[in-house]
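J.: Here are the chains, one letter per residue:
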Amino acid sequence: MKKVAIVGAGQSRYGDFPEKGIKELFLESYQDMVKSVDKGMDSRRIGAAYVGNLGSGGFQLGNMSALVSEFVGLPYIHTVRVENACASGGYALISACMDVLSGAHDVVLAGGVEKMTDVSGVKQKYWLGVSGDTEYERLAGTTFAGLYALIAHRHMHEFGTTREHLSAVAVKNHKNGAQNPKAQFQKEITLEKAVKSPYVAYPLNLFDCCSTTDGASSVLVCDAELAKEFTDTPIYIAGFGSSSDYLAIHDRINTVTLEGTKRAAANAYDMAGLSAKDIQLAEVHDCFTIAELLACEDLGFCEKGKAGQFVEDGHTQIDGDRPVNASGGLKSKGHPIGATGTGQAYEMFNQLRGTVDKPARQVRDAEIGLIHNVGGSGGTVSVSILRR
Amino acid sequence: MAHVSVPMYWRTIPQRYRMVGQRCRKCDAVNFPPKGVCKYCNASFEFDEVKLSGKGKVHTFVLIGAGGAPPEFAEQEKAGGMYPVAIVELEEGPKVIGQIADVNPKDVKMDMPVSTELRKVYSEEGVIRYGFKFIPEELSR
Ligand SMILES: CC(C)(COP(=O)(O)OP(=O)(O)OC[C@H]1O[C@@H](n2cnc3c(N)ncnc32)[C@H](O)[C@@H]1OP(=O)(O)O)[C@@H](O)C(=O)NCCC(=O)NCCS
Ligand SMILES: [Zn+2]
Numbered sequence: 000m001k002k003v004a005i006v007g008a009g010q011s012r013y014g015d016f017p018e019k020g021i022k023e024l025f026l027e028s029y030q031d032m033v034k035s036v037d038k039g040m041d042s043r044r045i046g047a048a049y050v051g052n053l054g055s056g057g058f059q060l061g062n063m064s065a066l067v068s069e070f071v072g073l074p075y076i077h078t079v080r081v082e083n084a085c086a087s088g089g090y091a092l093i094s095a096c097m098d099v100l101s102g103a104h105d106v107v108l109a110g111g112v113e114k115m116t117d118v119s120g121v122k123q124k125y126w127l128g129v130s131g132d133t134e135y136e137r138l139a140g141t142t143f144a145g146l147y148a149l150i151a152h153r154h155m156h157e158f159g160t161t162r163e164h165l166s167a168v169a170v171k172n173h174k175n176g177a178q179n180p181k182a183q184f185q186k187e188i189t190l191e192k193a194v195k196s197p198y199v200a201y202p203l204n205l206f207d208c209c210s211t212t213d214g215a216s217s218v219l220v221c222d223a224e225l226a227k228e229f230t231d232t233p234i235y236i237a238g239f240g241s242s243s244d245y246l247a248i249h250d251r252i253n254t255v256t257l258e259g260t261k262r263a264a265a266n267a268y269d270m271a272g273l274s275a276k277d278i279q280l281a282e283v284h285d286c287f288t289i290a291e292l293l294a295c296e297d298l299g300f301c302e303k304g305k306a307g308q309f310v311e312d313g314h315t316q317i318d319g320d321r322p323v324n325a326s327g328g329l330k331s332k333g334h335p336i337g338a339t340g341t342g343q344a345y346e347m348f349n350q351l352r353g354t355v356d357k358p359a360r361q362v363r364d365a366e367i368g369l370i371h372n373v374g375g376s377g378g379t380v381s382v383s384i385l386r387r
Numbered sequence: 000m001a002h003v004s005v006p007m008y009w010r011t012i013p014q015r016y017r018m019v020g021q022r023c024r025k026c027d028a029v030n031f032p033p034k035g036v037c038k039y040c041n042a043s044f045e046f047d048e049v050k051l052s053g054k055g056k057v058h059t060f061v062l063i064g065a066g067g068a069p070p071e072f073a074e075q076e077k078a079g080g081m082y083p084v085a086i087v088e089l090e091e092g093p094k095v096i097g098q099i100a101d102v103n104p105k106d107v108k109m110d111m112p113v114s115t116e117l118r119k120v121y122s123e124e125g126v127i128r129y130g131f132k133f134i135p136e137e138l139s140r
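If you read the protein sequences in the order shown, they are chains A and B. Each residue of the first sequence is one higher than the last, beginning at 0 in numbering that gives the first Met the number 0. Each residue of the second sequence is one higher than the last, beginning at 0 in numbering that gives the first Met the number 0.
Source of the hints: derived by calculation from the structure; they are not laboratory data.
Below 30 Å or equal to it, Euclidean Cα-Cα: the simulated DSS-like pairs (lysine-lysine) are:
no., chain 1, residue 1, chain 2, residue 2
1, A, Lys261, B, Lys56
2, B, Lys54, B, Lys34
3, B, Lys105, B, Lys54
4, A, Lys303, B, Lys56
5, A, Lys305, B, Lys105
6, A, Lys305, B, Lys94
7, B, Lys108, A, Lys305
8, B, Lys105, A, Lys192
9, B, Lys77, A, Lys122
10, A, Lys122, B, Lys132
11, B, Lys108, B, Lys56
12, B, Lys77, A, Lys195
13, B, Lys34, A, Lys261
14, A, Lys192, B, Lys77
15, B, Lys25, B, Lys56
Facing chain B, from chain A, some residues (calculated, C-beta under 8 Å):
no., residue
16, Gly145
17, His156
18, Ala200
19, Ile248
Which stretches of chain B does chain A cover? Using the computed rule of at least three CB atoms under 8 Å from a CB of chain A, they are:
no., segment
20, 3 to 16
21, 74 to 84
Every residue, glycine too, gets a C-beta built ideally from N, C-alpha and C.
Bound conformation, chain A alone (with noise of 0.2 Å):
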């Protein structure tokens, strides 16, 4: 069977860029994976672009991929955009693998990019609370934070997580996140200061969330049998897999566990011929902190209710044994929506192949990672395996 691997990666700047819009973002995050590629390469041996966007603000909803294509010097082309919520960009790359695994298109661009900062708070949360099962969920008066808050507030019934495991994730997020230069906030946070910061929805506070944000991501994948032409160390994806789950929360059989996240693993694990205890660092989607805890639990990083303890005790730092969202994480770097999963698959190529630009965010000597990405309260997940 053929494979498919990944030759060049870039990422925009996260953060709020007023003088920005989707062109000039998506253009950032192009020209930077186009200097990426060690050996050069020709745009028009791209012959498909799938590309992640939730489209909020609502200002470009129709043939969004065809406009940020053509602006980056991609015309004429197999273009399609991907929404899957906040899993767009992990399904876009899934999307440009199975094109180039079918034999469509050998060279496909994977992207996403989002413009969340123009509109006004009220109209951004217009945009953001429509993910999950808006007849019931939207109508009982919540946005996300206040739906993964029920999830949290559940798990610490259940197995007794506690205010500082949450917190952990984000002060180790922001200690990450002040190393990478790309990421919206860089600066570290102590414990005192996200324990103590303002509830949104009660159990989760301000530290607990993700923000809203500009940026975008771009991802070049191949048919391995390629790879060589454009660089000497491609990173090859070993496995991908997804899966949706009920929208509601309460539809679910378990509402401490993301079942499309325990899937989607599977799948991808079952592709690449590994397990958990093979992957040595991992981007997980960490849009509300309780997010972070319930993937180390789903993805087998740990046993279920106890990714609390698994976090405080330091596993999951950057000198831990598994290093997770190195990268700052939606925390820290950021959440544009749609670019999310793609900027994911960014980290993880330069974090295999040794390149991050600050050393301090480098794991050392890493040669399989997983990426995943979560849309709504995980509605939908996807997961990839990258491996050197």
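With the hints as your guide, set chain B with the ligands onto chain A.
T.: Below, chain B with the ligands alone, put in the same frame as chain A:
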């Protein structure tokens, strides 16, 4: 606002006003809110209508504060402070999300018994939307 049109709201009135669920003819489980195919057996779309008691207990809850409320509920938060939203496990089996009314948020507890009443939920397009809310059992008559 997450735009929920009047007709869209209207279609869910049997659930919102009377808590009408579906009993699966194949596996006997109760689906609420309704599904196209029974979510317990995934094998049947034949149901009998069943009116739920509206009684249950709090499975988990959140207190929505400033910044956590969607725009259409921001006014409620501003006027009354944090408001509780729960997932309640109904006595017939299914779980469902809804607000808890008539309670000091500090007094909401896990596993607390609740029943349901018809209340104002919010207003959009100049139309007040009504639906069930949960009320602590000790307060309901
Ligand atoms: C957490 C949240 C509610 C805060 O919104 P808000 O109350 O309107 O806060 P503001 O944007 O006014 O920011 C207030 C301050 O906190 C800072 N801030 C905002 N969010 C922050 C975060 N998540 N972490 C750290 N600091 C944050 C801001 O920079 C600002 O600082 P300043 O006053 O020095 O400029 C909002 O960022 C949010 O909705 N996040 C979730 C996004 C989301 O749901 N994404 C999809 C996930 S599935
Ligand atoms: Zn059934």
